[in-house]
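> Residues per chain, in single letters:
Protein chains: 4
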Amino acid sequence: MAMQPTAILLVSCPDQKGLVAQISEFLFQNNGNIIHADNHIDAETGLFLMRVEWELDGFRIPREEIAARFAPLAERLKMQSASGELPGNISLVISNHADLQSVPERFGIPFHVFPIHPENKREQEQKELALLEKNHIDLVVLARYMQVLGPEFARAYPNRIINIHHSFLPAFIGSRPYHQAYDRGVKLIGATSHYVTEQLDDGPIIEQDIVRISHRDSVDDLIRKGRDLERVVLARAVHLHLGFRVLPCGRKTAIFD
Amino acid sequence: MAMQPTAILLVSCPDQKGLVAQISEFLFQNNGNIIHADNHIDAETGLFLMRVEWELDGFRIPREEIAARFAPLAERLKMQSASGELPGNISLVISNHADLQSVPERFGIPFHVFPIHPENKREQEQKELALLEKNHIDLVVLARYMQVLGPEFARAYPNRIINIHHSFLPAFIGSRPYHQAYDRGVKLIGATSHYVTEQLDDGPIIEQDIVRISHRDSVDDLIRKGRDLERVVLARAVHLHLGFRVLPCGRKTAIFD
Amino acid sequence: MAMQPTAILLVSCPDQKGLVAQISEFLFQNNGNIIHADNHIDAETGLFLMRVEWELDGFRIPREEIAARFAPLAERLKMQSASGELPGNISLVISNHADLQSVPERFGIPFHVFPIHPENKREQEQKELALLEKNHIDLVVLARYMQVLGPEFARAYPNRIINIHHSFLPAFIGSRPYHQAYDRGVKLIGATSHYVTEQLDDGPIIEQDIVRISHRDSVDDLIRKGRDLERVVLARAVHLHLGFRVLPCGRKTAIFD
Amino acid sequence: MAMQPTAILLVSCPDQKGLVAQISEFLFQNNGNIIHADNHIDAETGLFLMRVEWELDGFRIPREEIAARFAPLAERLKMQSASGELPGNISLVISNHADLQSVPERFGIPFHVFPIHPENKREQEQKELALLEKNHIDLVVLARYMQVLGPEFARAYPNRIINIHHSFLPAFIGSRPYHQAYDRGVKLIGATSHYVTEQLDDGPIIEQDIVRISHRDSVDDLIRKGRDLERVVLARAVHLHLGFRVLPCGRKTAIFD
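Protein chains in written order, with the numbering used here: chain D, 1 to 257; chain F, 1001 to 1257; chain A, 2001 to 2257; chain S, 3001 to 3257.
The hints are simulated quantities; they were obtained by calculation from the structure and are not laboratory data.
Honestly, I wouldn't trust all of these hints.
Here are the simulated DSS-like cross-link-like pairs (lysine-lysine), alpha carbons at most 27 Å apart as the crow flies [as the list claims (entries may be wrong)]: (1) F/1078 with F/1252; (2) A/2078 with A/2252; (3) A/2017 with S/3017; (4) D/121 with D/134; (5) A/2225 with F/1225; (6) S/3225 with A/2225.
One-sided and incomplete, this derived list gives chain F residues near chain S with beta-carbon spacing under 7 Å [as the list claims (entries may be wrong)]: (7) 1168; (8) 1185; (9) 1210; (10) 1216; (11) 1252; (12) 1254.
In silico negatives: residues of chain F with every beta carbon more than 12 Å from chain D [as the list claims (entries may be wrong)]: (13) 1071; (14) 1092; (15) 1099; (16) 1117; (17) 1148; (18) 1158; (19) 1200.
Everything numeric in this text was worked out from a predicted model, so none of it was measured.
Note that CB positions come from ideal geometry on N, CA and C, so glycine has one too.
Taking the hints into account, I'd like the entire structure generated from these sequences.
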């Protein structure tokens, strides 16, 4: 089963009549075969959200010119659009501890340590941002990065930093959510992957899931059971993002899966 | 939050370039505002499947003429299409036992008893079919109807008879699935709603879900836990069907939810 | 599969050596066959929690004398214990609206209306309590009873009032949790059944579950999807309570299922 | 929260009166504090199944003498019992391909390759068994080991070989379960961890779970979504086994979690 190369267009604009018709007409006129289109109108914001994927094989516009050729239509419709292709590579790993240095290195991935203390936090984050920029990083994944990012960092990658929080947000915001869950005596624990904003654990949610627990589970059991869950929920969110399946819309996301 | 009246079009046809463009252009030319469109190409059959929903308010074609005005395009594209509006009413209840007669009657719903034995089965089913036809029934729901429908019945309502089977199909086909599940020692039990075909428990699946069980659960416990699950899974399937969200495609369904 | 009559003992006392031995010895000496025993020590409170169920057939102590005969051991071990038999009947329905009067009456269940306004709340609750007492009610189930119970009511039935809250507590405490969930853009919605305490939505949790939603779901869709979930979660909690499977322990519950 | 050393006893014997009393009395007489005991009577086989865990601190029998001192009681009650302590180490990895040799070696775990063809299978499995015996292996985990074990191998480690099958057994037994699931059009896919017996995919089930899929998912998507699920379900099964929480009982398991 060979995969055909495809292009994906993510569109967000004020709703108006004829949007689907104009976008699909544009692709049809250029001999593009749509293999999947999905759209939605957000009732709160009145925004039209669309994801359309078509075959590049036979498409009359060369890959590198698609954005430019689509621009006039996008401007007329006041669209914000993004297009791209799959998938990603892990370019580098940043940590504020050297402990796990050997793991990424075993897989040939550069590892950078930026120890962070309250006093040097802003300064270190500036260095991290410089490193990310230099490496043309598109997506930052916070995997058990137990520091709250400063506002400048969050603003530098809007909807491009994915965090995993080990609770069913908005329950148990902040630190030690498994301890909070244990204290409250819940019967399920959750994990939430979301884009990072300046406000702690408050960004648009991409994916959530839960696992059942019981009174027999200690905090350590919750941590162990949650660990598997966190991995799966984070992996799903990264996969959705890389597949251009997440369209942020205000405080929320539309997921075209 | 007042609901605007909407129309829904379900389309299934051989895939070809420009389908989305032509269908959305048709709606746009008639001043129809698409509020949700979703399509999919089935890799096995090469069929293009689409569900599109638009506002009737301001649409230039009167409701009763939509089918006729869409027909030329449908014919040209070799489409099978269906359109309609929500939702349904419960017109009547058929049973082969009189036991629960009082329940539908409490809610003012006519109740008909057709006792079925191996000898009179075909004959009774013919009478049932006549009753359904006379009442212009669109959808038949088998809720714990513990008889296997004859082939003529199944053929009379293709993709319009929904059954609930109390297992995670295709595991535990046939009778006494909870006993089968108990004997096998599974850790989850399931329920499956599907369209009825001539082959037992083999029709296109609409919805499935599961509930966790343990070694402590007796067959009676499985039956009790499964009962809630069956209701929920059947209700979801009926809701999807009535919302024109189920597009059968060969042995399978596409669910546009 | 005929059911043997069984007795159930729920025990809660300070942990000390030999508790399981002494309790099981007591039953063994009286020819009781344990068919299920389960215990747990709560790490926070140091309480020993146990549920033991044994066959009454052949047990040497007559049913009505069990409590008295067990009392000396219970006193010595500083136990709080409860014993009883399954299951319950619905004795009466109380509402503050007359709208659904016909439904319980169809099933022959007495229906009482106590209209509640801010001014008469305390007074009406006193009348409700008198009615409950007169009918020897053991368990009160709040099914969509959209009033916050006053502290006197909550105190009158400690761990014997079960509420269903339509969110994954502690997320979305208070009113309109589905609207809160919609606004936050969560990907799962939940339901929580819990014992009622004087503090709103804060009592010991008995059971929770979730259902997946998407950006396409309106608040009305959340309400519909949640409705099925609420029923199932509430039914499970009531079943657990009636089966003497819930052992409250401070702010939490141990569930012996 | 420091962990106290504990001992665990797993018991399986014909049901008879006084079992819990005698076992707990034995522990009490030796000053053992039970922190968790759970038992169950299997209705089909009439077997009494019990897991009891107690603190070693203050227990009067030295750790290495526990089995011998418990033996007379076990013999009298016709018990099969096992006791032990947590947790395990990964001693070695066996594969029939050299491809992933570098991964275990990165973590310092010996890697052995036994290429298997239909002609040499029995012979190679004998060598594998010899290697396992030499290393005093207690538990064999088949993680994507795509060979059916021969009957001699399965017999050598009864209830000590855990396999992960990538379907919701007993649905989709045998090869290519994801392809089977795709062909059937199911709405959920599953994974099942079970002990290996001589009959393919038929051994006692330890743990199962599922993940939701849709018509949009290709076979490749099922494989990707299932991969995370398989890992989690296998990890849970191994954790349950190592914690002496799995008590096999005929074709089934009791899970004391």
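> Next step is simple, just say for each hint if it's right about the structure.
Hint by hint, here is what the structure shows:
1. F/1078 with F/1252: Answer holds: residue 1078 of chain F to residue 1252 of chain F is near 21 Å, not above 27 Å.
2. A/2078 with A/2252: Between residue 2078 of chain A and residue 2252 of chain A the Cα gap is close to 20 Å, so the pair holds against 27 Å.
3. A/2017 with S/3017: At roughly 22 Å apart (the allowed maximum being 27 Å), residue 3017 of chain S and residue 2017 of chain A satisfy the hint.
4. D/121 with D/134: holds (20 Å)
5. A/2225 with F/1225: holds (19 Å)
6. S/3225 with A/2225: holds (25 Å)
7. 1168: Result: holds, 6 Å to nearest chain S Cβ.
8. 1185: With Cβ-Cβ at 3 Å, under 7 Å, it holds.
9. 1210: holds (6 Å)
10. 1216: Result: holds, 6 Å to nearest chain S Cβ.
11. 1252: At about 3 Å, which falls below the 7 Å cut-off, the nearest Cβ of chain S leaves the hint on residue 1252 of chain F intact, so it holds.
12. 1254: This interface hint holds because 4 Å falls under the 7 Å limit.
13. 1071: holds (20 Å)
14. 1092: Per Cβ check, residue 1092 of chain F is outside 12 Å of chain D; nearest 37 Å; holds.
15. 1099: holds (37 Å)
16. 1117: holds (45 Å)
17. 1148: holds (36 Å)
18. 1158: holds (27 Å)
19. 1200: holds (32 Å)
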